[in-house]
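Enquirer: Put the complex together from the two separate chains, hints included.
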Amino acid sequence: MALESPLLQELHLSFFAPDLALIVVVWVSLNMETVSGGVTCVLLGFLKDGFTMVVPVGMHMEIFIVIFLIGRFFSGRVQVRGLVGLIVTIAIASVLASMFFALLSLLFDRTFGEFDLIVKLMVPYAAVTAPFAPLIFYLLDRVDRLFHRKSGDSIFFS
Amino acid sequence: MFRFFSRHRVKFISFLLLVLPLVMLWHHGKQRNEATVYESTLIRIISPAQHGVANVLNALRLVWSDYIWLVGVQQENQKLQRHNEVLTGMAQDREQFKKENRRLKRLLTYKGERPDLVTITARVVAKDVSPYHRVLKIKISAGTEHGIRRYQPVITPSGVVGHIERAVGHYAEVKLAVDAGSRISVNVADREIKGIVAGSGNRNVFAASFEAPDPRRQIRPGDMLVTNGEDERFPKGLVVGYIPDQPPQPEEGILRYVVVPSVSFSTLEEVLVVTSQLERPPDMGRLP
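Note that the protein sequences, when read in sequence, are chains R and C. Here the first sequence stands for residues 124 to 281, numbered as in our numbering. Here the second sequence stands for residues 4 to 291, numbered as in our numbering.
The following block holds chain C by itself, in its conformation from the complex (with noise of 0.2 Å):
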């Protein structure tokens, strides 16, 4: 028997090469759902080395696209600077008319708020600025053709801009409620104290100084200025500024205070002329 084997080994090792594929394909070709021992050995054997292989060739094409074919990138580059230009440009305008949207909806809640005042909605397009940076004068987009006249205030929502001082066809100029020269009727709000804000004409900083006739009565920091209207320039409400935590400066029998103004001057973008004051005002009704 052995020798029978042994002599026709190459016979009986050949036939067991060629069926035993067979059974392996006979037993893997029925339809199953789990696999096989040989399949999870495959798997085992193989998928790390197709992993380990993959990985080598995915490290080699990021260095070839990365590093060595860069033919076009500069283009590219160009092309998308552009593009980043364009869609930096586009979304400056949109934070601009988000700002914008922003206060016009301040303006018109503050008309809603003085139904008695009659306004002309105006933006500033212009400023007279000082080396300090500190704006002297501004022009705005309403003059006498729109019915804007000499001496008429000039207001935001927060306060007191100040009064025209020239106004010519679709353009008139602010003087500021700190300018020299410029004087307002006020009261300390909320208490029986009447005074002058009067600008400090300071070309470097933004100032005005309130003088209270009275010295008995003392005035406290964080005291808010509003308009009286004794001056008959300024209808009554309108904030003009607020008192810093300083010390008054006597002066010819009078205390002068400082006075910080409650409109931020450089940011200054749209104002309401107030061109008339109605002695009744309109039933506004509710806003929905």
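Bound conformation, chain R alone (with noise of 0.2 Å):
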């Protein structure tokens, strides 16, 4: 996160910043478990929120929580298979992470008022993050191997 921004500024890109935080978030739904990994997921947001600036403290701590949750619930329930599952998994938690923004944007942040944006970048924003989701999952089970035994669960190391 805190190459994000000043790379992306350097190169230019800083519309199509991709969420990375978010793939994290749903590597930790499908890997760990819920309360450990719910304090993760609220600890990771309120980094965000720390590097994001313009949003209130708190916008994307119960963005991750939420879809942490979610993840948690589904984790058990389907089975992400293969890459292009997994690219679609997480443009789904991009749309649904965005509708959240949107959301409690609404109903907390008495000063937004750019909706419309974010309905049109909603998409975009998705199709950006996903693509970098099979190398954030990769990096984790590395660094995840690195200190526990593999349960055989992953989609890189079986």
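What the hints contain is simulated information worked out from the structure, not anything from laboratory work. One should not assume that every hint holds.
Here are the simulated distance ranges between beta carbons [claimed, not checked]:
#, chain 1, residue 1, chain 2, residue 2, range
1, C, 52, R, 270, 19 to 29 Å
2, R, 265, C, 67, 27 to 37 Å
3, R, 269, C, 64, 25 to 35 Å
4, R, 159, C, 7, 19 to 29 Å
In this text, a Cβ means the ideal position worked out from N, Cα and C, and glycines have one as well.
Expert: This is the structure we're talking about:
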């Protein structure tokens, strides 16, 4: 997240920033327990709020914990298999996150008034974020494998 | 109670994790002027990280652009060099114009100071130079077509340059005051001492000599020699040169002093040719 903002600004791609933290949240929801995963996601949201600056504190905390809980709910029912499945999952999560963002902004952010922009960018934003999912999942699986014995449930490691 | 909490621990914590951000969001969503504790903490945590990353990226960008990605630098360099040459030329021209302007202003001022002298301004077009870089003879851009005649005095605001030796068409040659054969009748300024300044003809240095017929009258270093008009060639009151701090040489009953010319012959650019002298100079009035 620290790299994201200056790097994209350097490359003149500020409008096409993938939401890497969201991919991490989905990975956490599929791989960690509810309590530890929930706390991780709230902390991640807290950091994301700090880097985003323009949104009130709590916005990404709430979005990430909701996405995490939804992910936890579905993780026991639906199995994510293959790269395409992963990319589609992240794209859906991204669209959901944007919808929550709009909803929470409507409810809590009195200065916000760019709903049109959110609706317009919802799908492109998901399209930019989703392709990074395999890479982030691969890296997190590698890191996780260093500390834990994998259960054989990973997309990349079995 | 504890057992109930323990049994529904996950639900409780999930509920708390859901509600806590909403409370923060509600608290921070209100319009405020000051940052809250959470915002201040976030800024303290995140700003150094962003600053550090921005610095690293900036350094990488500089390394990339200054040392690796140098495509087109040579063409740009050549273009800038050409541009630089053009600008240098323009600056030099400007400097030349400034200098010329200063010299012409000085000539104009001098003309105002000597309204009795009818002069023609001419540009030095050629200089005959010795191997020791001494100017032996100059050619000027005014000749018989402009009314220039032989023996007419050539001067500058600094003093006497010499006289016209030959004039043809639009050009004339000037014999310098330091050339052999040049003799100018002079007075020591502010003192009643007469004498002749004779050109030394030395090809290596600009020098003339002052022949003082009366050895009893002492000439002092720094004395200025000005024309007295008695040779009927040079108008009265033009500076010819100065006496340097050198002892005179006795020669056949006279004392011969070295004279340093008042005019710098090697840097001459414009001169005035005195075509005639008016008995009663016109009233020029006061310049504004």
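Enquirer: Are the hints correct? Go through all of them and say.
Expert: Results for each hint:
Between residue 52 of chain C and residue 270 of chain R the Cβ separation comes to about 24 Å, which falls inside the hinted range of 19 to 29 Å. Look at residue 265 of chain R against residue 67 of chain C: about 29 Å separates their beta carbons, and that is inside 27 to 37 Å. At roughly 33 Å, the beta carbons of residue 269 of chain R and residue 64 of chain C sit within the given window of 25 to 35 Å. The hinted range of 19 to 29 Å is satisfied by residue 159 of chain R and residue 7 of chain C, whose Cβ atoms lie roughly 22 Å apart.
Checked against the numbered hints above, the structure breaks none of them.
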